[in-house]
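Asker: Protein chains in written order, with this note's numbering: chain A, 3 to 142; chain B, 1389 to 2171.
Just so you know, these hints were derived from the structure itself, not from any lab. Certain hints may be false.
Claimed, not checked - For each label pair, taking beta carbons as the anchor points, the in silico distance ranges come out as:
hint: 1; chain 1: A; residue 1: 45; chain 2: B; residue 2: 2015; range: 25 to 33 Å
hint: 2; chain 1: A; residue 1: 123; chain 2: B; residue 2: 1523; range: 49 to 57 Å
hint: 3; chain 1: A; residue 1: 45; chain 2: B; residue 2: 1950; range: 40 to 48 Å
hint: 4; chain 1: B; residue 1: 2139; chain 2: A; residue 2: 98; range: 25 to 33 Å
hint: 5; chain 1: A; residue 1: 98; chain 2: B; residue 2: 1964; range: 14 to 22 Å
hint: 6; chain 1: A; residue 1: 45; chain 2: B; residue 2: 2085; range: 25 to 33 Å
hint: 7; chain 1: B; residue 1: 2113; chain 2: A; residue 2: 98; range: 23 to 31 Å
hint: 8; chain 1: B; residue 1: 1697; chain 2: A; residue 2: 59; range: 53 to 61 Å
hint: 9; chain 1: A; residue 1: 45; chain 2: B; residue 2: 1743; range: 37 to 45 Å
hint: 10; chain 1: A; residue 1: 123; chain 2: B; residue 2: 1816; range: 49 to 57 Å
hint: 11; chain 1: B; residue 1: 1815; chain 2: A; residue 2: 119; range: 36 to 44 Å
hint: 12; chain 1: A; residue 1: 123; chain 2: B; residue 2: 2015; range: 17 to 25 Å
hint: 13; chain 1: A; residue 1: 45; chain 2: B; residue 2: 1780; range: 20 to 28 Å
Think of the CB as a built atom: it goes at the ideal place given N, C-alpha and C, for glycine as much as any other residue.
Each chain, written out:
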Amino acid sequence: MPNKQLLFLLLSLFLFTACTPQLLVDKPSAGVLPVADSAQLPDVIKSLISQSDKQYLNNDFAGALATLERAVRINPRYAEVWSRMAQVYLKQGKLEQARQHAKRSNSVIKNNDSLRKFNNKIIRPGSSEASSVIQKEQMH
Amino acid sequence: MTKPKSKARKKPSIRKVVKKKVVKKPSGRLRFLFNRYSLLGLIAFVLFFSSYLFYLNIQITEKMSGRIWSLPSHVYARPLELYQGKHITVKQLISELKQTEFIRVQNRPIKPGQFRVLNESHFEIISRNFTYWDGEQKSQGIRLSIYDNKISILHELYSDKTLPIFRMEPVKFAGIYPSTKEERQLIKLDEVPDDLVLALLAVEDRRFYEHWGVDPRSIVRAMLANLMAGGTVQGGSTLTQQLVKNLFLSPERTLSRKINEALMAILLEISYDKSVILETYINEVYLGQNGAQQIHGFELASQYYFANSLRKLRRDQMALLVGLVKGPSWYEPRKHPERAKARRDQVLKLMHERGALSQAQLNKYKSLELGLAKKPRFSANRFPALVDLVKRQLKRDYNEDDLKSSGLKIFTSIDPFIQSQAEASVKRVISRLEKSYNQAENLQTSLIVASSQQGEIQAMVSDRKPSFPGFNRSLDAVRQIGSLIKPAIYLTALQQPQRYTLASQLDDSPLRIKTSKDKLWSPQNYDKKFSGDILLFEALNKSRNVPTVRLGLDIGLPDISDTLHNLGVKREIPAYPSMTLGAFSLSPFDVANMYQTFAASGFNVPLKVIREVLNKDGQPLKRYPLESEKTIDEKSIYLVNHVLHQVTQTGTAKSLANLFPQSLAGKTGTTDDLRDSWFAGFSDNQLAVAWIGRDDNASMGLTGSSGALRLWSDLFSHIKVDSLEMIPPTGVNNVWIDAESGGLSNKNCLGAVELPFIQGSEPTEKAECKSVGIIDQIKRFFK
């Protein structure tokens, strides 16, 4: 039995780790985590995402959004960038803007089901993902 | 003998005393009265004089605070982002650097603000410190190479470290006084070249730092000089007095004005620091006339006479400007070069006497020509239509206090390169059209360019003379839009896939509609013909009027109005049948807002020009984030965009197919009697709306295709255009149909076309299939 429990624990830990998308900066995440399939992004976009991640982790949400907008101006066809903007809005408790940017991300998505699922969590009315963030923000 | 005399003098007789007393009595009263009145008079005078001084001081404070503290807000273009793969030409980068006043050097740059170009493809640049909305970016050296009009390498200057991105300092293109809305070119004292200050003080007021506003020594010296010369050859006015004269007083030469001038000069010196007085003088002094516009201040004069900033002038050029203070009309260098040169040489000589120039330098500068620019350059009115838009957005979004706050740094999305190309296109095309079409006279125009996905205004021209700061047609010319309405009508229909698809049959036969005034309206097609039955996609592609009116009336005018509002049109839409042919008016800016939603696949992004605003201390004041709202279903808008792309291939804008390899989409618009010529179109990265017409609304003989489309395509052939990405959204399938009947077909059948359908709305009936001949198959293959 203890072996089974240990196995279950390890398996859960593995799954949790595997499912957690990574930030482009090496810092512990805060709140909802951004998603980035960084391998397919050009360096300039990666660099801006990395900068916005730092701003996000420093609670400089307006700065993070401004940096992501620079990325959008360079190329608006990267779904990851729009999705990250949605997440920053979510973190700010601006649910409607978050939903709109998640929809925008979906509109340019190419073969990235996990990102689409992630966006849909934000878009779905009464989304538990979105609501929990809002609740946390309100508690703070 | 002497003693009694003296005694007698010491002791006057009683008579005498009495006499004196008798005499003294009235004189004592008088003196008393005199003393009393003189005291009262003195008090009254002091009171009056103090009140007068107080009044003068209020005048000074009011005017000076307006001059000093209303620092202009600076309007910046978008910062140029440099990164590997960025499309940019060598010429474009050099132009951008020059506009930000970077100096091109021959050797390796060593100071911020310098750059070098090697082999016409490698750049070495040292940027300056610059404060953006997200903080200060320190000066940094970079090197980059441009190959095939793209940045191939971007490194740090002194190492091989690759830079992923580098943000260039933006071009500053206007200064705005938010409260008075006037453009000026102010310069801070610490930015004024020392040589200019030295020359100015040497010529106008040598003892500036020693006197208290009025300099008696200078007055005496001037009086003597004038007496000797038998006329006015010298003035004794200090700089402070001159400033007072310019700011507060009329030019008349009266004693009272002179007294006021002196008093105010002293008050000014008491209230303000010398540096403030000097800075204000440098920005206020009158230095010439450009038509109706007065040239005030050395920076503006520098732009006017030398098309260069004051900081970049040679010393002989500075000497000329200082020389002009004495008489800008008399020494006007363009009209009287000889006089101006003589005056400049006098100033140079004074500079030499003050030790600012060696004898050799003096000789060298005296031998130089005046070096005037052929055309004056004012950055204040470089992009008047855009500055107007910025001001309106500021006024809309800021409260009065914010507007009055000084020295704002306003960052916009304006792209100086696209703006210059738009201006060039307007000049070229309008002139060409007027030559080619007899009826096309006195044409006016508007051209708006925005980023198609972010809705940021990049360029705007509102007059055939782009730098003319008059009526802003892009924002205020509200004109009938003609066929530009049609995509909105077809979109409304296609949002009901159970009723309408691109393959629906529409009726293109004569139509008579009873209007509310008991009159009959018979809409006509442009070619005055009727094609019978026509498929919906073809009706839009060929911009047929009659089937559009039928379709519009079928789906209902209120629904069309709703669609227009969802597309971003904010004006009220009239609900009468002719609105289906665009018989209502919008401004070019409204049209751009509407077509932006098509370009962004159903996401309405209100057009904006301001990105961020910093206060005078460089602290963030306000940010205008990218707002994006999905207002139209992506499937139905995809169907319309598919047809708008076809318009540029086989429809009313098919001339674009031969000019551009990229996929584009757009719609022409023409109004009754050829009064308005429109084209609204987009690529993947750019959206532009062009309008051509006449201010008196007279016919000018141009259709959308023969007028505005040419302007649009001329612009797009000079800027970077990305091919439109037409990826069908989930739930949209492409199906081959017969172009005549709208029934199912396949690609090997004659007259088959591939059209997108919202899933479940595809035609079910099969059309008769005639096989395509071998020649058609080959043609189709190459197509």
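Asker: Would you mind marking each hint as holding or not holding in the structure?
Answerer: Hint check:
For the hinted restraint 25 to 33 Å between residue 45(A) and residue 2015(B), the CB-CB distance of approximately 29 Å keeps it satisfied. In this structure, residue 123(A) and residue 1523(B) break the distance hint of 49 to 57 Å, their C-beta atoms being roughly 33 Å apart. Taken as a hint, the range 40 to 48 Å holds for the pair residue 45(A) and residue 1950(B), whose Cβ atoms sit roughly 45 Å apart. Judged by the Cβ atoms, the range 25 to 33 Å given for residue 2139(B) and residue 98(A) is violated: they are separated by roughly 47 Å.
Separated by about 35 Å at the C-beta atoms, residue 98(A) and residue 1964(B) break the suggested range of 14 to 22 Å. Between residue 45(A) and residue 2085(B) the beta carbon distance is about 53 Å. The supplied range of 25 to 33 Å is therefore violated. The supplied range of 23 to 31 Å is met by residue 2113(B) and residue 98(A), whose beta-carbon atoms lie about 27 Å from each other. Taking the beta carbon of each, residue 1697(B) and residue 59(A) are about 42 Å apart, not inside 53 to 61 Å as hinted.
As the Cβ distance of residue 45(A) to residue 1743(B) is approximately 55 Å, the hint placing it in 37 to 45 Å is violated. A beta carbon spacing of about 52 Å between residue 123(A) and residue 1816(B) agrees with the range 49 to 57 Å that was offered as a hint. Distance hint for residue 1815(B) and residue 119(A): a CB-CB separation of about 53 Å, inconsistent with the stated range 36 to 44 Å. Between residue 123(A) and residue 2015(B) the beta carbons are some 22 Å apart, a value that agrees with the proposed interval 17 to 25 Å.
At roughly 39 Å, the beta-carbon separation of residue 45(A) and residue 1780(B) lies outside the given 20 to 28 Å, and the hint is violated.
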